[in-house]
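*Asks:* Below, each chain spelled out in residue letters.
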Amino acid sequence: MPTVFIIMQKDLRQFVNDRRALVMSVLIPFFLMLIIGTVFGSFSSTGSTSKVEVPIFVGDQGAVAQQMVQALQQASNLTLEMETSAADARKPVENGDRPAAIIIPSGLSDAIQQGKAASIVVVTSPSSQDYRAVVVESTVQNIVQNFTAARIAGQVAADAVQANGGTADAATVASQASQQAAAQLAKQPLLSVQPEKATSSTHDSSYNQVVPGYAIMFALFAVGGGIESILQEKEAGVWKRLLIAPISRWSLLGGKLLARFIIAVGQIGLLFIAGRIFFGINVGSIPGVILLIVTTALATTALGMLLVSVVKTRAQLQPVTTVVVLAFSALGGSWWPLFLMPNWLQQLAKVTLNGWAMIGFNNLMIFDKGFMSVVPSLLALVVYSLVCFGLAIRLFQFQEAS
Amino acid sequence: MIAAQSTAVGTSTILDVRDLHKTFGEREVVRGVSFHINAGEIFGLLGPNGAGKSTTINMLATYLAPTSGSATVSGIPITERDRVKRSIGLVPQEIALYEDLSAEENMRFFGEVYGIHGAALTARIDELLERVGLLERRREKVSTFSGGMQRRLNLAAGLIHEPPLLMLDEPTVGVDPQTREAIFELAEQLRDSGTGILYTTHYMEEAERLCDRIAIIDEGVIVAEGTLAELLEHGTAEPVAHSDRPHGLAEVFLQFTGKQYRD
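Residue numbers (the working numbering), protein chains in the order written: chain S, 0 to 401; chain P, 18 to 280.
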């Protein structure tokens, strides 16, 4: 057998013999494909499972308004949420909880009946990144255009029949009606869509999403790599040398974690400073951003500690870290805004520390909601850290059983 | 078994081990080991792989808790971990150093861990690096050192706090004759200055040269203990077949531990 095949055969045997590597080489990509595919799938506006939830206030009880509501209810991509006032319909959009709201003002039906112009208000998300707002606006636009076209067609047909007293032949009536319809369509339509941005104080630069998202993802990678040093020290014997030194075990572990925490704070902090200088990101509340950075760094350190407690070797840590970091980033909104995801995915994101951190950063940096809006995220990240540390302390082995 | 005749436990005893046992699950790895080491004595602990040497050392170094039995270092029970740790120096088989730090940074870190600071630490680092021939390379990263240099620094790091008991676990694995000789000389200097040394090795000629007394451990039990002369004297009772060489420690070792693999 030629040498090249002997070497190939040996390498393949080594690969197959390493069961963990074999499983991971298939399992990791599959797991990531599943997660990322699920998240991307949720962006589809045409899928039956991805309806956009839209608050609507119907301030008019006339026939035209009812016709509009019926048409909107039949739209396959919208789920209407009835609200009792225009302010109530606007609020979830201003909060970033819904991409758009529809307001049908009072007197709309009467105005149309009297041949006066009227409009339906579509309040859209302040973020230009939110494609769902475009979906809602264009759906309402289509319905309004269809209504207008149908109304003009009916009107001109009736006018044509009336003008000819029922004596003209069908071709003549149709020709006259078409000319009148074309003339009507060229005029200002009776019913139109009036788009409106929810608030003017939002910051929709993509860097307000990308900077915190990627800072958290790379902090997770860095913490994973840093915590790996504990396993490296165990393998090299340094850990044993330290354990027999006159220092407490918790000082030893605590010192290492503290170093990782400081590095994570520094890393995320520097990326934010660079984002501010080079991309002009909006930080909203400075105390809010600082506390979010600190608690996020704490949570990444705690998660790293938990990972190092459940794996035995560096070879095992690497694939686990890769899966956790990529899955958390995809699910937790590091790669795309969480508020674009369907509700169930936004809830699932809260399993990840990225999810809690990104809710806070989005509130501050995109929706400009102020310090109080990040308090739930801060508390959640502290609890997240305590849970991870608690589990890690129970699972961590200072020394391997011989 | 050859009983120890040459020395007895006395006021100069640094390490006193009595009936030490260690069990992992249902497997008893160390089964009633007893011996002692006096100040200014090199005590060799020899045994095949898996005989219980490392487990014994790990217990004495407070890394593992004994299942039963007792041991004291300078009169302090090893169960009083916080007190006894300052009296013990361990040079593990592995190069237990930070490769990405310099020789001096490694020494300073381990010195500070033992509570030595300032000028005293600097002087101690200088002295030890001089003794292991690394003073000129003090600012270079350990990763740039040869295997022998790393071994010497590994030894120096174990001495930073001047322990009365030093445990050298196979300190000459993979080193050239010059470094081996340097390690021997350092061990002898330490012995002469009163340090008690527990020395494990698979190289019988090292034990023959260095050790004042030797214990052979097999399957968790000390099967022979005495001076080199005592062990050789016992070994001549059953000469090794097909050997025209004079009996040495290696033959005695094989007599007590057999020729079958132990791991």
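Rather than coming from a laboratory, the hints here were simulated on the basis of the structure. As the structure is a computational prediction, the values presented were derived from the model and not from experiment. Hints are supplied without guarantee of correctness; some may be wrong.
[Claimed, not checked] Using 25 Å as the maximum straight-line C-alpha spacing, the simulated BS3-like pairs for lysine-lysine come out as follows: (1) P:K158 to S:K255; (2) P:K158 to S:K349; (3) S:K90 to S:K196; (4) S:K311 to S:K233; (5) S:K50 to S:K196; (6) S:K349 to S:K50.
*Asks:* Run every hint past the structure and note whether it holds.
*Replies:* Verification of the supplied hints:
1. Restraint check for K158 of chain P and K255 of chain S: the C-alpha separation of about 21 Å stays at or below 25 Å, so the hint holds.
2. A threshold of 25 Å between alpha carbons decides the hint, and for K158 of chain P with K349 of chain S the separation of about 44 Å lies outside it, so the pair is violated.
3. A threshold of 25 Å between alpha carbons decides the hint, and for K90 of chain S with K196 of chain S the separation of about 12 Å falls inside it, so the pair holds.
4. Of the pairs offered as hints, the one joining K311 of chain S and K233 of chain S holds, with about 10 Å between alpha carbons and a cut-off of 25 Å not exceeded.
5. At most 25 Å may separate the alpha-carbon atoms for a hinted pair to count; K50 of chain S and K196 of chain S meet this at roughly 21 Å.
6. With a CA separation close to 22 Å, the supplied pair K349 of chain S and K50 of chain S stays within the 25 Å bound.
In the structure shown, a violation is registered for the earlier hint numbered 2 alone.
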